[in-house]
Amino acid sequence: MAAFLLTAVSIFAFPALASAFPLQAGDTPNDGGGSVDVSWTPPDHHPTSWILVRREQGGTFAPVATVDGTDSHYSDDTAQNGTAYEYQLVASPADPSLDSEVSGPAHASVNLFDWSKFNVLVVAGVFFALLFWYIRKSEGGTKWVFRKIPGLDAIEEAVGRATEMGKGVLYVPGVQEIDDIQTIASMILLGRVARIAAKYETALNVPTNSPGVYTVAEEVVKSAYADVGRSDVYKSDQVRYVTSEQFAYVAAVNGMMLRERPAANLLLGAFFAESLLLAETGHAVGAIQIAGTANVHQMPFFVVACDYTLIGEEYFAASALLSNDARLLGSLKATDSVKILMIAIIVLGSILATFGQTWLGDFFSTQ
Amino acid sequence: MKREIPIVITLVAGLFMLLAWFVPHPTVKAAYEGLQNWAIVVVGFTYVLGVANLLRINTRQVSRKERDWPYKMVLIAGLLVTMVVGFSEGNHYTDVDSRFQWIYRTFYSPMTATMFSLLAFFIASAAFRAFRIRSVEALLLAIAAFILMIGRVPLGAAIHPAIPAAADWLMEIPQNAAKRGILIGAALGVMATGIRVILGLEKTYGGGDS
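Heads up: the protein sequence lines correspond to chains H and V, in order. Read in order, the letters of the first sequence correspond to residues 499 to 865 in my numbering. Read in order, the letters of the second sequence correspond to residues 27 to 236 in my numbering.
Chain H extracted, bound-state conformation:
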């Protein structure tokens, strides 16, 4: 406290005395305003800490913050937009010979675009442009050829097998909320599966672990049955909310597997520690199992315990491939094209970096 007072006295008594090193101040880039970035190169001989002081042009200095003597940057988040401020670093304990110069005037302002995300915008722009171009081509009658994904072909087989055996199909849509893109993709696939199940009059059970997922899944299944003209077969307890607790949900779903012995288990969505608990129980009851997730750490468990696994992008491509809709297939073609483009950029970036040129890698850096 004494050091602070001593320093404060020195500020007012000897403003900007014996300035030793320059101080830069400017608007914090890519923010919503209210912040000024102050930076400096710490001198070799520095105090234990600095007191950053600020004044409006023509005003008197007032302390803003205390920073470590070795620091080289501070963001002043208390600035008013449009007000010009001057900054100075004052040594603590007080030693006017170590104080910095007074910075030039700087003011905080609101930025309309975050330029640090420009590279993401470029990639997204290229992706969207290709997407619309391929969709237009598809609508014009162009046919695309995609490699076969065995897991997708197996979905209809699995439902058919369940029909032949007179057993049901268990559809587990993962354990994430409805705002998760994997859960949304799962709901899209559920619609396709429900149509097949309705057509074959196969019992389809969908236990959910989120009431949000339950409400959407119920609507999806009900509509799928209506779409194929089999509303009469739909039962209101096919889709049910079980619990939002992870392992309680596993206990409930495993119980269903062991009691009802479904012929097919479809584990499609975002899974975590419960993935192997579900898949191994399904394996133990002899069900044909098809899993799909984009959670990399759960994929090995599914690969081991399930008959078919949709890995990463296959999972997101599944609904488009199952629908056979030209526009959806066009979107897949765009995904493939961007992937080829990205591979080319990675190879080119690696070659350039080998020769000391890092600008391409720097451009695509997100940190």
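Honestly, the hints are just simulated from the structure, not real lab data. It is possible that some hints are incorrect.
[What the hints assert, rightly or not] Here are the computed distance ranges between Cβ atoms for each label pair:
no.: 1; chain 1: V; residue 1: PHE71; chain 2: H; residue 2: ASP730; range: 24 to 34 Å
no.: 2; chain 1: H; residue 1: ASP860; chain 2: V; residue 2: ARG131; range: 28 to 38 Å
no.: 3; chain 1: H; residue 1: ASP860; chain 2: V; residue 2: LEU209; range: 14 to 24 Å
no.: 4; chain 1: H; residue 1: PHE861; chain 2: V; residue 2: ILE149; range: 38 to 48 Å
no.: 5; chain 1: H; residue 1: ALA627; chain 2: V; residue 2: PHE154; range: 43 to 53 Å
[Said to hold, decoys possible] Lysine-lysine pairs mimicking DSSO-like chemistry, simulated, CA-CA at most 27 Å apart:
no.: 6; chain 1: H; residue 1: LYS635; chain 2: H; residue 2: LYS646
no.: 7; chain 1: H; residue 1: LYS720; chain 2: V; residue 2: LYS28
no.: 8; chain 1: H; residue 1: LYS615; chain 2: V; residue 2: LYS205
no.: 9; chain 1: H; residue 1: LYS646; chain 2: V; residue 2: LYS205
no.: 10; chain 1: V; residue 1: LYS205; chain 2: H; residue 2: LYS697
no.: 11; chain 1: H; residue 1: LYS665; chain 2: V; residue 2: LYS98
no.: 12; chain 1: V; residue 1: LYS229; chain 2: H; residue 2: LYS646
no.: 13; chain 1: V; residue 1: LYS91; chain 2: H; residue 2: LYS733
no.: 14; chain 1: H; residue 1: LYS733; chain 2: V; residue 2: LYS229
no.: 15; chain 1: H; residue 1: LYS697; chain 2: H; residue 2: LYS733
no.: 16; chain 1: H; residue 1: LYS665; chain 2: H; residue 2: LYS697
no.: 17; chain 1: H; residue 1: LYS837; chain 2: H; residue 2: LYS665
Computed from a predicted model, the values in this text were never measured in an experiment. By construction, the Cβ of each residue, glycine as well, lies at the ideal position given by its N, Cα and C atoms.
We have chain H; now place chain V onto it with these hints.
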């Protein structure tokens, strides 16, 4: 109209959220956060529907004395007792000595731990199947797994210092390369799915025909 209105709402909200990510302006940011708060409120309301569904299905099974109906009764009793105790304690339900916490510690916590601990046995049985050598790929997997497992314990370093180094190399080079490849593909899939939903190309999620 039942299908068009949700698609329009999705289009407007989706495009706004997409563009707002690039714009740091406080007004846009406030609207962005406001929409996310709306989503939380909507999810809160769905809990009423979820609990109603749970009670409806299970009470019906109990009243008809369907298979395993006593378990359903335990479920309903557990739900109601926990809710009544939780509501009766108001804001103090998280206190260490509250009855709600007693229920949590005495019943919920041990049962959850039991379920999670089953994973050890499931991993053992899955690993047994995974490491059966039936092809060249399975052989490579088994060798990699062996090096990795032994390299991650002190025994590996005691046998030879190259074993932990080989385990690290496996994790940092081939494993990372494969993982990043999958992640890039999945990220593109996420973008494609997102844009299909936002543009209304994919309508199944809203209960419609695509």
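Hints not upheld, ascending by number: 2, 10, 17
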